[in-house]
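Engineer: Next come the chains, spelled out residue by residue.
2 protein chains.
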Amino acid sequence: MLLERRKPIPIGEAVKRIMENPLQGVTEYVSINESYGRYLSEDLIATSDVPHFNRAPYDGFAVKSSDTSDASPTNPVEFEVIDHIGAGMVSAKVVGHKQAVRIMTGAMMPVGTDAVVMFEVAKDYEKNGLPYMSIKRSFKKGDNVSFIGEDAKEGQILVKKGSLINPGIQAMLATFGYQHVPVAKRPRVGLFATGTELLEVKEELVPGKIRNSNSLMIAAQIERAGGIVHYFGKLADEFDPCYEAVKNALNEVDLLITTGGVSVGDFDYLPAIYEKLGAEVLFNKVSMRPGSVTTVAQYNEKILFGLSGNPSACYVGFELFARPIIRRQLFSKKPHLRKEKAQLVVDFPKANPFTRFVRSETFIADGRLKVTPSGLDKSNIIMSLAGANSLMILPGGTRGFTAGCEVEVLLLEDQVGCEWPW
Amino acid sequence: MLLERRKPIPIGEAVKRIMENPLQGVTEYVSINESYGRYLSEDLIATSDVPHFNRAPYDGFAVKSSDTSDASPTNPVEFEVIDHIGAGMVSAKVVGHKQAVRIMTGAMMPVGTDAVVMFEVAKDYEKNGLPYMSIKRSFKKGDNVSFIGEDAKEGQILVKKGSLINPGIQAMLATFGYQHVPVAKRPRVGLFATGTELLEVKEELVPGKIRNSNSLMIAAQIERAGGIVHYFGKLADEFDPCYEAVKNALNEVDLLITTGGVSVGDFDYLPAIYEKLGAEVLFNKVSMRPGSVTTVAQYNEKILFGLSGNPSACYVGFELFARPIIRRQLFSKKPHLRKEKAQLVVDFPKANPFTRFVRSETFIADGRLKVTPSGLDKSNIIMSLAGANSLMILPGGTRGFTAGCEVEVLLLEDQVGCEWPW
Chain A
1 MLLERRKPIP IGEAVKRIME NPLQGVTEYV SINESYGRYL SEDLIATSDV
51 PHFNRAPYDG FAVKSSDTSD ASPTNPVEFE VIDHIGAGMV SAKVVGHKQA
101 VRIMTGAMMP VGTDAVVMFE VAKDYEKNGL PYMSIKRSFK KGDNVSFIGE
151 DAKEGQILVK KGSLINPGIQ AMLATFGYQH VPVAKRPRVG LFATGTELLE
201 VKEELVPGKI RNSNSLMIAA QIERAGGIVH YFGKLADEFD PCYEAVKNAL
251 NEVDLLITTG GVSVGDFDYL PAIYEKLGAE VLFNKVSMRP GSVTTVAQYN
301 EKILFGLSGN PSACYVGFEL FARPIIRRQL FSKKPHLRKE KAQLVVDFPK
351 ANPFTRFVRS ETFIADGRLK VTPSGLDKSN IIMSLAGANS LMILPGGTRG
401 FTAGCEVEVL LLEDQVGCEW PW
Chain B
1 MLLERRKPIP IGEAVKRIME NPLQGVTEYV SINESYGRYL SEDLIATSDV
51 PHFNRAPYDG FAVKSSDTSD ASPTNPVEFE VIDHIGAGMV SAKVVGHKQA
101 VRIMTGAMMP VGTDAVVMFE VAKDYEKNGL PYMSIKRSFK KGDNVSFIGE
151 DAKEGQILVK KGSLINPGIQ AMLATFGYQH VPVAKRPRVG LFATGTELLE
201 VKEELVPGKI RNSNSLMIAA QIERAGGIVH YFGKLADEFD PCYEAVKNAL
251 NEVDLLITTG GVSVGDFDYL PAIYEKLGAE VLFNKVSMRP GSVTTVAQYN
301 EKILFGLSGN PSACYVGFEL FARPIIRRQL FSKKPHLRKE KAQLVVDFPK
351 ANPFTRFVRS ETFIADGRLK VTPSGLDKSN IIMSLAGANS LMILPGGTRG
401 FTAGCEVEVL LLEDQVGCEW PW
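Those sequence lines, one after another, are chains A and B. Just so we're aligned: 372 in UniProt numbering is position 372 of the first sequence, and the numbers increase by one with no gaps anywhere. Just so we're aligned: 86 in UniProt numbering is position 86 of the second sequence, and the numbers increase by one with no gaps anywhere.
Worth double-checking, as some hints may not be accurate.
Same chains, same label: a pair holds when it works inside one copy or across any pair of copies.
Cross-link-like lysine to any residue pairs, in silico, SDA-like; alpha carbons within 25 Å at most [said to hold, decoys possible]:
1) 141 - 76
2) 160 - 287
3) 285 - 298
4) 123 - 77
5) 302 - 353
6) 136 - 73
7) 234 - 57
8) 161 - 373
9) 370 - 405
10) 161 - 419
These are computed hints drawn from the structure, not numbers from a lab.
Turn these sequences into a full structure, and let the hints steer you where they fit.
Structural biologist: What follows is the structure, encoded as structure tokens:
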């Protein structure tokens, strides 16, 4: 029996081949009440000036500043208080010479006024049953006034498309009347598990079989990336029903992920399925560990990700190869995992003939990024995935690293991303 | 008219008073398919060893190691291949002297075998129509075998309660058969807006009025913190219906947030509502900017957060005062915003008579945390909230900061948290 020979390609080349696919984002509109956590599919543009009227930023008295010019500690100037308005009210009065309007934060400046005297510097009292106030200092035009357009100008681009809608952006959408928000439609990502050894989560363990954890892991990774999971279940153990299932699934999704079955093992059908589909195999081996047997194929404009059945390889393969195309469909300009430098805090003596991705915990100590492997680095160990918030990159051809070395890390729980890390 | 005098308390003291409230988390069970992004309400315990049988971590031939001891480059040792198993299959054969089983990754080691010879170091061929293989090196007991319990031992605590379920934890839950996952019930957080000036998002602007952005902002902050928003709408402009609405809402939620109406402005009813309820005011002024007028009261075991109507003050008040009690209800041991040190990259000349929280963008450059204010720091400016992923803390009594200074930052988009930052 001949072993199939596969030609490994560099990681960057593999990612590049996937990103040449023309898949792009699609817009849908959602209620602003549901827009938090989605990605803007258009630039957020100011639909009005902010503020759109001159307003008082403090509680106080609105006055005409020229009336205050003579005021001094020895020469208090008195104002008749002719109105009293809260935020949202508009004074119907025109403020004349030595007149003032009592005004609350957020209210519109009355006609004839151009400065606000804060309560703390005014003395208020009554005279003949009418309200008055006096001040002992002068104010300049514009003192304590928020002017039209001071915060934003109509037509200004405030947030770029592709941004994740956070609470601040949500507030801006409300300010500008975006009752319906244009967001990226979440890409539908199909998912199949393969493997005779897989039990359902609810099944009891039996010798030789394990519960299917990859599907739930990848489903969570798809969600984290911003996609919607469409789980099609476990593929049958025979070729023909597998082929039919994959073919039918491709009608419903843009991206289709399978876990397992892509190796050169004797029960790995996926390469033959790609062939029968007539899919173009972009690559079937990558110079990296884990995940070297990752296979990615293209069928029409759809992409088939054949991830390894090994949990770690599966995890890494998803993040490096599937995440970026999902993020591009969310209009991200930085669809790849964010890459940063960090200081390794322990020795990592293992040599790396191939580029190695080590599940790691990156943390901050004293303002510096530090990194430590999050568990044993055996490729079959899922336990180390739980604590991992990053993948440490150890370049191929290196002989191991010692504590204190600077290494590169890819951050997993991150919304910033990276334009091109390779 | 007398100005009410309020006594400001330090931030740490304010937070402490809130955290003395006995509110704790409650468990609910969700399907594992919906557990991603929730918080574990119990420790995740290994319900079995992993692996739960001795397994092959590579494709190859399972052999008894003692049969290989004589093998060398000049003395190949031949094995009869008596079975062929993939992952999930169990060989019915008992492997005898100089016999081997062709085995795929993940399959159970057949009875009588204790090492795996990888394909790469074996030569396989047929003899009289029967499969054979030979090797030119010896193997030790356990070579290329994953042993029972190597990855996890039954009964071991693998993940602590309060952890956010990430893809790796999701995989572990599946591995251990947690079809239903104990997670923290999301706290229900009520929300009222107040303010005559507020328009609905869909309404056209009119002079003196602005669209209600605080409610949408706080709703997103509640979601980010892990709560469920229960929006009760805008409070009426008159006292009695306000009072009734607040009282009724308290029957439906644990925490009730109002935005606006807590100042000493002339149209601010909330202090009187707290009084009529008989709620205990924990504080009504804090030594900080923005957000000094934040008022928090307790009614039975429920907490009323009277946040400022000013967007920035509202935002900061939520994160400092409401977030921690929400996180505690999610079983977090680190419920407060994560505090880290970062290097300021621009001058910030403004003096700080009070501790100031500046909406900022914290980023990483060359492995170091850096921070820059994310916009103009006027308290009425919501635009700067969009880019903010952190709050820079400038302690009270400081005279401004210059580029290169080390400052403390509170990270907003973070799941790690902090035990006690004050």
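Engineer: For every hint, state whether the structure bears it out.
Structural biologist: Each hint tested on the structure:
| no. | hint | verdict |
| --- | --- | --- |
| 1 | 141 - 76 | within (19 Å within a copy, 99 Å between copies) |
| 2 | 160 - 287 | neither (36 Å within a copy, 36 Å between copies) |
| 3 | 285 - 298 | within (15 Å within a copy, 62 Å between copies) |
| 4 | 123 - 77 | within (10 Å within a copy, 105 Å between copies) |
| 5 | 302 - 353 | neither (33 Å within a copy, 59 Å between copies) |
| 6 | 136 - 73 | within (5 Å within a copy, 103 Å between copies) |
| 7 | 234 - 57 | between (61 Å within a copy, 22 Å between copies) |
| 8 | 161 - 373 | between (35 Å within a copy, 22 Å between copies) |
| 9 | 370 - 405 | both (10 Å within a copy, 21 Å between copies) |
| 10 | 161 - 419 | within (15 Å within a copy, 36 Å between copies) |
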